[in-house]
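Novice: I would like the entire structure built from these sequences, with the hints used as guidance.
Chain residues, written in single-letter form:
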Amino acid sequence: MKTTRHPRSTGYAVFLAPGLLLSLLFLVVPLVMTFYYSLTTWQGIGDPTFTGLDNYTRLFQDADFWASFRNIAFVIVGIAVVPTVLGLFLAALLFDYIGKKHGDGIVGIFRSGLYLPQVIPVAVTGLMWGWILAPEGAINSILDKVGLASLTQNWLGDPDLALWMVLAVLVWMQLGYPLVLFMSGLQRIDPELYEAASLDGATWWQRFTRITVPILRPELYVVLVTTTIAGLKVFAQIFVLTGGGPGNSTLVPAYFAYQNFFERADVGYGSAISTTITLLVLIIAGTMLTRQAREDG
Amino acid sequence: MTTTTEPTARPRTHKRVPAAPNRARKNPTRKRGPGSYAVIAAVTVFVLAFLSPFAIILVNSFKTGADYRANGSLSLPEQWNWSVIGDVWERVEFTQKLINSIQISLGVVLIAVVLALFNAYAIGIGRVRWRTAFLVFFLGVNVLPQEGLVYPIYYLFKEMGLYDGKLGYTILVGITYSAFGTYLLSSVFSSFPKELIEAASLDGAGRWTILWRIVLPMSWPTLSVMCVFFFVWSWNEFLYPLVLLISNDNQTVPLGLSVLQGQYSSDPTSMSAAALLGVIPMIVFFLIFQRSLTRGLTAGAVK
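Same order as they appear, the protein sequences are chains A and B. With my numbering applied, the first sequence covers 3 to 299. With my numbering applied, the second sequence covers 7 to 309.
Hints are computed from structural coordinates only; laboratory data are not their basis. Do not rely on the hints blindly, as some may be mistaken.
Covered, in the sense of this in silico footprint (three residues per stretch, anywhere, with C-beta under 8 Å from a C-beta of chain A), are these stretches of chain B [unchecked claim]:
#: 1; stretch: 52–62
#: 2; stretch: 76–85
#: 3; stretch: 93–101
#: 4; stretch: 120–134
#: 5; stretch: 153–161
#: 6; stretch: 236–245
Only part of the chain A face toward chain B is listed, based on derived beta-carbon distances under 10 Å [said to hold, decoys possible]:
#: 7; residue: Val30
#: 8; residue: Leu61
#: 9; residue: Ala65
#: 10; residue: Ser114
#: 11; residue: Pro119
#: 12; residue: Glu138
#: 13; residue: Ser143
#: 14; residue: Ser186
#: 15; residue: Ala198
#: 16; residue: Ala199
Note that beta-carbon positions come from the ideal geometry of N, C-alpha and C, so glycine has one too.
Specialist: Spelled out as structure tokens, the structure:
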């Protein structure tokens, strides 16, 4: 990054101005406002009353808030960890085994099929699974027909089951993303590396752990960070599938904030929740950025 | 021309393995034993099971409630009747929702791509002062959670008369995506052949001409991938439209359909039909733009 003649760059500022100003206006101003609201008590009408850190102390004593963070840990497992691990194995299997023996055509079909849920609107996915898992839905109807009526459940209505169901749906939605990234990362591998390893008697598992995984490190990192951030923001799935319930068993911070904003008119409190999420997201993203910058030298 | 696609298709930060084009893999040991067919069969079963929810909503959308109760969810419909789908279509005013979604998404794509192009032109090619700081700024606003912005936006939009209107919403989402586009395009532009710019500059071309005549045509491969992605993202947005677009004339497809959740407890196949209506436009889109979607993903993720 060497700086080339400064005078030449001056004429370009004009191009940056609109985008920068609009981003400040539409993204940074609301961010600052949310932070300010989080220090007040406000119902959305009239003037906010400044209350300092009251909302935050209330937050840390709120069982719902802690429940929402416990649930977010599950969500991150469902959206980041499981799809990454599963995607890694599938990518290696498709690329390294099926692709080599049967060609790229069939691999492309498999990959497209597994990627498909990624382009379906999240709310529609929620609608679809909500119907499949409903008391009168597809799964219970299947169980009924095959004589396993005793296994029918209220899948999303049972506090012990609901979170697991949400997790399964998230894995289903998310699998295609790491898979496609990993498969394209695998293209970097020199096939001769694999062949040499095979000649030396390396098993599939050894090649997987010694060659595949190390080469995919950049992708692994990106997938884990971006999906963890996405996990912290999860909203639509919960809104459509469970509404955070039953009780607070599937409540997540974004939905909890939404409830306070628009259902309870407790804007100050909702702002404290969303400011907390924003901070977390920025910390994670900042860590990623500095690490990447360091690695790039 | 094809060289311009390189930054998109292949992240530059990685050590490049000596040219080993995928297709030309010379592979003497291409044995297809019975084992390999067993693996194919297993994966096929897995993928089919994975996609079975789509098949389930497809068959059940054509059933009457009575058919569903009698035969369950796995059977084919006794008669393929369109009445349930037609019913849901009318009830959610699906035609209107489709028009809304298309209008909004096209507007978002236009705003986001134009802003990103301008920003990245200044940062990547113009190399303006503090460009790293600007890049970090755009990267930062790109990850901001919408729930951290939504209330003030809702409040300000009401004050400014933009609430429940497509215009304000489209601008908002366009600006949001432009941050990501700026980040992506800037890294592509930083490796843009400088000689071209300098040559044009010597010929007396101004900055607008260079942008319009040289940079834009050469970055079209990246831009087109961005367009496809922004269109999908915008189509799938949920929290912002939920809060900002409330009337039937403005709501998008996912919103219009999701309000049905829970309304149809007496009529189980209507929910299935609603899900089907929501799935179809994006499946069609996916089939058309599949290549851009799978290729572009790699461009954005690993810089």
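Novice: Each of the hints needs a verdict: does it hold here or not?
Specialist: Hints and how they fare:
1. 52–62: This one holds; 6 residues, not fewer than the three required, reach chain A with a Cβ under 8 Å.
2. 76–85: This one holds; 3 residues, not fewer than the three required, reach chain A with a Cβ under 8 Å.
3. 93–101: With 0 residues close enough to chain A, the hint is violated.
4. 120–134: holds (count 11)
5. 153–161: holds (count 9)
6. 236–245: holds (count 5)
7. Val30: holds (7 Å)
8. Leu61: violated (15 Å)
9. Ala65: Result: violated, 20 Å to nearest chain B Cβ.
10. Ser114: Holds, because the Cβ-Cβ distance from Ser114 (chain A) to chain B comes to roughly 6 Å (cut-off 10 Å).
11. Pro119: holds (8 Å)
12. Glu138: holds (5 Å)
13. Ser143: Constraint on Ser143 (chain A) satisfied, holds at 4 Å.
14. Ser186: holds (4 Å)
15. Ala198: violated (13 Å)
16. Ala199: violated (13 Å)
In this structure, the earlier hints numbered 3, 8, 9, 15, 16 are contradicted, and the remaining ones agree with it.
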